Amino acid sequence: MSELAEFRVDVDAATALVHWKSRFADEVATRARQLAAESGQPNHVTLTHYRQAAQLAIRSLAGAILDGDPSSDDKAA
Amino acid sequence: VTTKQPKSEPPQPPEAIPGHADDWIRQCVKHFELNLVDATRRIALDAEDPDLQMAAARAFLVTLIDSGLQPDSALELLGQAALERSSVDLAWNDVLNQRRFALIDKEIQETLTPAESTELAGLTRIMREHVEGETNLPMEGAKVLHRKLLRLKPQGDSD
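Here the protein sequences come in this chain order: A and B.
1 is the number of the first residue of the first sequence in the numbering used here; add one for each residue after it.
1001 is the number of the first residue of the second sequence in the numbering used here; add one for each residue after it.
Don't read these hints as lab results, they were simulated from the structure.
Given the structure is predicted, the values throughout are model-derived calculations rather than measurements.
Worth double-checking, as some hints may not be accurate.
To be verified - So, partial list: chain A residues that the calculated Cβ filter (under 7 angstroms) puts toward chain B:
1. 11
2. 14
3. 15
4. 18
5. 22
6. 25
What the hints assert, rightly or not - Okay, the calculated beta carbon distance ranges per label pair:
7. A:43 with B:1011: 12 to 22 angstroms
8. A:58 with B:1018: 22 to 32 angstroms
9. A:63 with B:1132: 48 to 58 angstroms
10. A:10 with B:1020: 32 to 42 angstroms
11. B:1115 with A:17: 25 to 35 angstroms
Ideal Cβ positions, reconstructed from N, Cα and C, are used throughout, including at glycine.
Hey, can you work out the whole structure from these sequences and the hints?
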């Protein structure tokens, strides 16, 4: 057995990370579109919009992770 | 004498992608990652790169099928992508046609390798696109005939 084999990650943990990343990406995209619309260019989302949206999304993601889904097993553990 | 000052090029806007493509990318990445986790749960704990590459290939194929493609169409897409990387001229021609026939012969003889199977799927897709393409419809003869008919003077109106 190699050293690598001694390190393992639960499937539900790996799956939760995929969902968090996806949720973060969706939230950034949605908020960036809102920011673009508010700035008067609803059809053009820029890096600046994404950067601002990412900062907002990080905060809401932190709340979502603490709320549990989709890794609520961690709370029970 | 005034010398012309070189005009400075206007700043190019950054490259952009369509909004729906941005949505599609996120969905594709999410499903690919979930499928990859699923494919990876079945491999040995001491799996090495080739095992993980195989899992990635399986996961991507499932992701394409999840996106609405039939399995055969997904394989054809992968085959076409592989051919595009091989710097072959992908405009349908006699060389590609001959190659497709050769691969079909091997398929019948059951000597087709997995790589050749992917190549055959890609060639089939390119051929189908060529055959179904509007530019390949036999319209030129019809257009010539149409022009001739337009030039004809009406005759025998009184008949």
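Report holds or violated for the interface hint on residue 15 (chain A), using the least CB-CB distance to chain B and a cut-off of 7 angstroms. Status holds, d = 6 angstroms.
Given hint residue 14 (chain A) near chain B, where the shortest CB pair must fall under 7 angstroms: holds (5 angstroms)
Under 7 angstroms, Cβ to Cβ, is where residue 11 (chain A) needs to be relative to chain B, so tell me if that hint holds or is violated. holds (5 angstroms)
Closer than 7 angstroms between Cβ atoms is the bar; does residue 25 (chain A) clear it against chain B? Give me holds or violated. holds (5 angstroms)
Does the Cβ distance between residue 58 (chain A) and residue 1018 (chain B) fall inside 22 to 32 angstroms? holds (26 angstroms)
Cut-off 7 angstroms, beta-carbon criterion: hint that residue 22 (chain A) touches chain B: holds (4 angstroms)
If you take the shortest Cβ to Cβ gap from residue 18 (chain A) to chain B, is it below 7 angstroms? holds (4 angstroms)
Regarding residue 63 (chain A) and residue 1132 (chain B), is the given constraint of 48 to 58 angstroms on their beta-carbon distance met? holds (51 angstroms)
Does the hinted range 12 to 22 angstroms hold for residue 43 (chain A) and residue 1011 (chain B) at CB? Roughly 19 angstroms apart at Cβ, these two residues keep to the hinted range, so it holds.
Honestly, do residue 1115 (chain B) and residue 17 (chain A) meet the 25 to 35 angstroms range at C-beta? holds (34 angstroms)
Go ahead and decide if the range 32 to 42 angstroms is satisfied by the Cβ distance of residue 10 (chain A) to residue 1020 (chain B). holds (35 angstroms)
Of the hints listed earlier, there is not a single one the structure fails to meet.
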